[in-house]
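> Top to bottom, those sequences are chains A and B.
In this text, residue positions in the first sequence follow our numbering: the first is 1, and each later residue adds one.
In this text, residue positions in the second sequence follow our numbering: the first is 1, and each later residue adds one.
Simulated from the structure, these hints should not be mistaken for lab results.
From the three backbone atoms N, C-alpha and C, an ideal C-beta is built for every residue, glycine too.
Accuracy of the hints is not assured; some may be wrong.
[What the hints assert, rightly or not] Which chain B residues face chain A? A few, computed with CB under 8 angstroms, are given here: (1) L52; (2) C63; (3) I116; (4) K133; (5) W148; (6) K182; (7) I190; (8) R226; (9) A232; (10) W239; (11) F280; (12) T283; (13) R284; (14) P300; (15) F302.
There are 2 protein chains.
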Amino acid sequence: MSENTIKIERLALIGIGLIGSSIARAARQHGVAKEIVCAARTHDTRRVALELGIVDHAYEHPCDAVKGADLVILCTPVGTYGAIAEEIAPALEKGALVTDVGSVKQAVVEAIEPHIPDGVDFVAGHPVAGTEKSGPAAGFAELFAGRWCILTPSEKSRDEAVDKLDAFWTALGSDVERMDPKHHDLVLAITSHVPHLIAYNIVGTADDLEEVTQSEVIKYSAGGFRDFTRIAASDPTMWRDVFLHNKEAVLEMLGRFSEDLTALQRAIRWGDGDALFQMFSRTRAIRRQIIDAGQETAEPDFGRASPGEDE
Amino acid sequence: MSENTIKIERLALIGIGLIGSSIARAARQHGVAKEIVCAARTHDTRRVALELGIVDHAYEHPCDAVKGADLVILCTPVGTYGAIAEEIAPALEKGALVTDVGSVKQAVVEAIEPHIPDGVDFVAGHPVAGTEKSGPAAGFAELFAGRWCILTPSEKSRDEAVDKLDAFWTALGSDVERMDPKHHDLVLAITSHVPHLIAYNIVGTADDLEEVTQSEVIKYSAGGFRDFTRIAASDPTMWRDVFLHNKEAVLEMLGRFSEDLTALQRAIRWGDGDALFQMFSRTRAIRRQIIDAGQETAEPDFGRASPGEDE
């Protein structure tokens, strides 16, 4: 769909961090919304959002933001969604569409949907995009360009509402896919949640060592470790909520990961070079396909600037 | 030391892959060696090295390359070092300095040192630099600039030889550090070897799933998974040899990693949000220090080009 097929009168963003502020910027850049407003709990966040000029109004209370809004997007950590949905319910306009950007979907549908009043639509969504930075200043308009956005309609979701949300994300540059919430949570457990968990974990393990100093970990991090510190620098509250709300799928995938790691550990202990070589040989093809699918740069080392170029 | 304090008459690189060819380019760029030659087993590799103009001569047999060389660098997988050292020993010139670039050091010293004849020096070394690419065409002269190179002299290493090697790597742009071989292996186990192992492992786990298709893993990899595919695309032979030759330290660090992961798994199962939040909050500081130490770019997402900019 072309980006001109959708026009929002008033877009209300509940939460204006990395994702919320990127939506605000992208919506403005593509002329998708006439008015863009946000709600944020802290005065400082509202001040920054207004100073950046990415919203027309910033409110303390979500209820004030959703008044008159035809599109409401929850952009806070998923653990807050139930309470926010309950709070905004009486203030939602007839005909409004409510959605979210949470990284888990089954628990989110269950938390939000019961609070949605008659005459208001709800369709859950998840833009698969982000960086390790947080806060309104970290957002940028191109964050969603060429990235997938997964919509997970429930049985109650009307087709017209799903199409409208599809058109919104398409206008922001995303490729839109529709998926069952439960399947979404399984896919994201392996492509995002478990990778974050093991990145957080190895950074923690390194931090706890007695035989190796922190200064040594930092100096020699270019051997591989530093890659993991990027996603381990992601927002702690957001990720706590992801793991608490996608428990089943994460534990399932983590179990498989640990089983496979134990097999590698055994191959190392017993000096089984063939098993190691075989395992290490099958993983290049996947990266090639990710690059071919436009989801990764083909540049060596992520095209990362060397220290000399950096400063 | 300034780069003019060292001048090599003939530099012999045994193996001309990513590291060997980067040394050739850097040595030429900084005017460190009068003549640069290499040995490579396959005809195709020798042809590419000559066509790229990074070596003056390319030989099939290491013996021919080391003749007349005052600096010999082993740049093949560490599992080959013992046999190569034995093979080149009779052809080494008096006064020559032999070194290597292997990612493990204790096993390397044990494999090479016994073969070094009287009147020839040996000092083990490890430039902590690389990319996920392999082969002579993947090298570049700036690979070592601003990166650490760790020298691990043994009891037999003469100070003059260590100083000479220090001057060589300094001339190539590296910061040089000296370390005990055993301690090196412990430091690299956590900063490089275990990160590679868990990256290979999660890519393998994802590849084996039945409930999630490979196409889904690829499409939604921007959620974190794709970061791991970079180091899991590294050379399988090199990495097989690393794990076979640093067994003890890798198993020690892997044991700690698994213990810590089990604690996180338990926190998820029991819904212990405070434990998760606490763990996820302590990891940002390390990334900040790595960036401050000039070992990482401060750009969000590694400064990675978005798909749009990429094509």
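> Now tell me, hint by hint, if it's right for this structure.
The hints, checked one at a time:
no.	hint	result
1	L52	violated, 16 angstroms
2	C63	violated, 26 angstroms
3	I116	violated, 26 angstroms
4	K133	holds, 5 angstroms
5	W148	holds, 6 angstroms
6	K182	violated, 10 angstroms
7	I190	holds, 5 angstroms
8	R226	holds, 5 angstroms
9	A232	holds, 4 angstroms
10	W239	holds, 5 angstroms
11	F280	holds, 4 angstroms
12	T283	holds, 4 angstroms
13	R284	holds, 5 angstroms
14	P300	holds, 4 angstroms
15	F302	holds, 4 angstroms
The structure fails hints 1, 2, 3, 6 (numbered hints given earlier, in ascending order).
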